[in-house]
Amino acid sequence: MPDEPIVICKMVGKVFAKSQGIEVTALRNVNFQGHQGEVVGIIGPNGSGKTTLFRTIAGFLCLSSGSISVGGLLPKKALEKRMVGFLAEEPRFSQAMPVKDYWMSYVSLARPSKPAHSFVSDAMGIGTFGDKRIGQLSRGMLQRFALSMCLAFPRQVYLLDEPTESLDVNFRWNLVDIISMLRKQGAAIVYASHNLEEVAKICDRVLVMRKGQLHKEIVAVNTCIAKFRAPEGIAMPEELAGTQVSVRGTEYEVEIPSDQINNVCRFVLSQNGDIIEIRPRSLEDILKASIMEDVNSEKIM
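Here this note's numbering is used: the first residue of the sequence shown is 143, the next is one more, and so on.
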């Protein structure tokens, strides 16, 4: 990951004024950085502040406190310079225009300094419904069109709010390929979704939001999960002391550093045991464990 972040949020706060003088705090003291060539996931329940954070980074909402920098610029200036691509959770377009006309108008207005990502519109299958009016599109078609609009031209930052909503499986995989390509080209991508498996596969690290605040950051770790069978009551060898172990009768599951795989295998064989499985501990494993910790903590409290 490059040292210099392109997106910097410092103590970001957003308060909405409601009727009768009531104020609602949507964001409170949010700090995070996004780097070029990185995909940052954001997860959290509805109302946790994900969409508000996206809209402040994109320059569509003014801050109540704190600061945001995108490529060294204020968000509105970065938006004017077309540094940011933003996919809203509920994209809206002129319903009466045909898709191909809207697309050509957008290309004309965008005046791109670099060629369009033609592979994006191809991967999203836009040509199959180019003659339809936008108001005639299914929810899935509309999402594919919105993704093409967002990702059509090279940007330094892409903000994707629930990008796979209503997408068929094949287009979801196509989007994964697109994101991988944009990452290799050096773009910073911030990706919000309720799908933990999806986030874990796509993102380098994940920010968990709760009640307008960043609750925690989760990063992938270089560990493995080893499952094996061995006699009950065995003691772990000294080099594996302190590792997380769960036991069900004669079946053991242990989280180990990746460089300890050979030691575990030797130990299991020395106990006349059998290796069931050894696999890397995925970001999805860490996410699920973290969420279960939060749930159990709330039950205790």
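Hint data in this document are derived by calculation from the structure and do not stem from the laboratory.
Glycine included, every Cβ here is placed at the ideal spot set by N, Cα and C.
Hints are not guaranteed to be accurate.
[What the hints assert, rightly or not] Keeping only pairs whose Cα atoms sit at most 25 Å apart, straight-line, the calculated DSS-like set for lysine-lysine is:
id, residue 1, residue 2
1, K219, K152
2, K223, K326
3, K369, K152
[Claimed, not checked] Computed Cβ-Cβ distance ranges for the label pairs, DEER-style:
id, residue 1, residue 2, range
4, Q175, I433, 19 to 25 Å
5, G189, D401, 29 to 35 Å
6, V318, K218, 27 to 33 Å
7, E395, Q237, 20 to 26 Å
8, G277, V318, 37 to 43 Å
9, G269, R352, 29 to 35 Å
10, E395, N312, 33 to 39 Å
Here's how the hints hold up against the structure:
1. K219 / K152: 18 Å, holds
2. K223 / K326: 22 Å, holds
3. K369 / K152: Status violated; Cα separation ~43 Å.
4. Q175 / I433: 19 to 25 Å: 24 Å, holds
5. G189 / D401: 29 to 35 Å: 43 Å, violated
6. V318 / K218: 27 to 33 Å: 31 Å, holds
7. E395 / Q237: 20 to 26 Å: 54 Å, violated
8. G277 / V318: 37 to 43 Å: Between G277 and V318, where Cβ atoms are some 29 Å apart, the hint is violated.
9. G269 / R352: 29 to 35 Å: 42 Å, violated
10. E395 / N312: 33 to 39 Å: 35 Å, holds
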